[in-house]
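K.L.:
Read top to bottom, the protein sequences are chains A and B. The opening residue of the first sequence carries number 0 in numbering that gives the first Met the number 0; numbering runs sequentially from there. The opening residue of the second sequence carries number 0 in numbering that gives the first Met the number 0; numbering runs sequentially from there.
Be careful, since some hints might not be right.
The list treats identical chains as one, so a pair stands whether inside a single copy or across any two.
Calculated pairs, DSS-like style, for lysine-lysine (alpha carbon to alpha carbon, straight line, at most 25 Å) [claimed, not checked]:
#, residue 1, residue 2
1, Lys-153, Lys-31
2, Lys-198, Lys-153
3, Lys-84, Lys-13
4, Lys-12, Lys-153
5, Lys-145, Lys-31
6, Lys-198, Lys-31
7, Lys-153, Lys-3
8, Lys-84, Lys-145
9, Lys-13, Lys-31
10, Lys-17, Lys-145
These are computed hints drawn from the structure, not numbers from a lab.
Number of protein chains: 2
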Amino acid sequence: MSRKTSGWVVVGKKEILKTPYVSFEAWQVRHKTDASNTLRDFSMVLARDYIAVIGRTETGQAVLCIEDHVADGLDLQVACGAINKGETALAAAQREFGEESGWHAQQLIPLGAAIPQNDRIVSATEGNDGAKTCYMFLATGLTPDKQRLEPSEKIRPILVPWDEAVRAAWSGEVIGSAGLALTDMGSRLILLLADHALKSNV
Amino acid sequence: MSRKTSGWVVVGKKEILKTPYVSFEAWQVRHKTDASNTLRDFSMVLARDYIAVIGRTETGQAVLCIEDHVADGLDLQVACGAINKGETALAAAQREFGEESGWHAQQLIPLGAAIPQNDRIVSATEGNDGAKTCYMFLATGLTPDKQRLEPSEKIRPILVPWDEAVRAAWSGEVIGSAGLALTDMGSRLILLLADHALKSNV
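The task is simple: from the sequences and hints, build the whole structure.
P.N.:
In structure tokens:
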């Protein structure tokens with residue numbers, strides 16, 4: 000999503016750490032309503048836009064992923080991953096859903112875009128000079144494929160009855176068969192939006 | 000939220016930049032299923048847990064905030080802010096909602112917790128060794144109070160008819176009177192959860 004009019008002026012930027020996935024910068028910023036007050040070391044994270052995909056099998060199961068994250072251990076969430084350079088959100092959704100869940104999707108229905116955190120994380124994706132953005136999709140027409148993971152990805156796909164997954168998105172409670180709750184904001188939102196879209200099309 | 004069992008071992012940590020709000024570290028990690036493969040410069044952000052509060056006036060208006068963010072300019076979102084050291088989530092919700100929206104809440108109804116991004120952002124809050132967590136609340140029994148902002152906060156509160164705000168949370172479309180959409184994941188989720196809670200209690 001592109002930047003809406005802002006009164007902030009970025010006076011300086013210093014690169015702190017650059018990695019292929021995430022970079023850190025310290026910015027100096029001031030607001031036009033308060034020009035004598037420069038904020039220093041305004042810490043900014045640069046990260047690529049990403050996609051999140053909830054799959055739904057022909058038999059009415061939600062395709063979720065149990066991922067072992069460095070930050071907080073085992074998480075139950077939808078398939079998601081960064082958009083590569085030059086790749087469309089749709090192509091990234093197709094690729095990442097296949098790689099992480101091991102299912103091939105014949106159809107990807109867009110559910111819009113949302114921003115996970117809009118204060119300190121800017122997009123490192125060309126054409127987006129705003130916050131890091133998540134593009135959401137519902138994957139249908141699923142056929143079994145082969146999981147393909149990176150060394151940093153420890154992911155086990157799991158099928159959960161659709162209505163049970165939607166209930167867990169509303170309640171935040173543990174899904175019995177997974178032994179985990181849907182704690183991830185994006186996973187909860189995308190499940191609610193996908194369910195809403197499916198019911199609106201009945 | 001505390002860490003669930005993980006196979007990741009943190010072999011080393013290096014501090015890159017420390018600020019009062021956000022710190023950057025480079026971690027070296029390896030997974031027990033792949034012990035010969037150490038990932039270096041695994042960039043980690045340390046940030047405090049926070050609260051998000053959707054207010055609802057007696058006359059059925061949603062209390063939203065138009066905030067000018069360094070990262071992406073003008074955003075329409077719910078009141079939110081970091082939990083101070085030693086402060087409970089409930090106390091932070093009371094304080095931040097008052098400071099940002101200019102309304103005092105007599106009642107704060109918990110709507111659970113969720114994680115904005117569970118891969119690279121760890122909690123710097125004592126007692127949480129997992130990902131940075133957002134505690135969500137619905138504020139009711141509102142009386143007008145005085146807005147109190149920090150130099151980094153440029154916020155204008157706005158009242159939107161509740162059902163219009165909920166529709167925008169579902170659709171991602173622009174709210175006419177604000178001239179902005181609800182793009183923030185957390186704001187959309189909290190509005191849906193609050194509306195669900197209100198309807199379940201009828």
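K.L.:
If a hint holds in the structure, say so; if it does not, say that too.
P.N.:
Comparing the hints with the structure gives:
Only between protomers do Lys-153 and Lys-31 lie at most 25 Å apart by alpha-carbon distance; the minimum there is 11 Å, versus 46 Å within a single protomer. Taking identical chains as interchangeable, the C-alpha atoms of Lys-198 and Lys-153 are never at most 25 Å apart, the minima being 33 Å within one chain and 39 Å between chains. For a Cα distance limit of 25 Å, the shortest separation of Lys-84 from Lys-13 inside one copy, 23 Å, qualifies, whereas the shortest one across copies, 29 Å, does not. Only between protomers do Lys-12 and Lys-153 lie at most 25 Å apart by alpha-carbon distance; the minimum there is 21 Å, versus 35 Å within a single protomer.
In this assembly of identical chains, Lys-145 and Lys-31 lie within 25 Å of each other by CA distance solely across copies; the values are 23 Å between and 53 Å within a copy. Taking the shortest alpha-carbon separations for Lys-198 and Lys-31, neither the intra-copy value of 46 Å nor the inter-copy value of 43 Å comes in at or below 25 Å. For a Cα distance limit of 25 Å, the shortest separation of Lys-153 from Lys-3 across copies, 14 Å, qualifies, whereas the shortest one inside one copy, 37 Å, does not. In the homo-oligomer, the alpha carbons of Lys-84 and Lys-145 lie at most 25 Å apart inside one protomer (24 Å), although the nearest pairing across protomers, at 46 Å, exceeds that limit.
Taking the shortest Cα distances, Lys-13 and Lys-31 sit within 25 Å of each other inside one copy (21 Å), while across copies they are farther apart (36 Å). Taking the closest pair of Cα atoms, Lys-17 and Lys-145 never come within 25 Å of each other, the shortest separation being 32 Å inside a single copy and 42 Å across copies.
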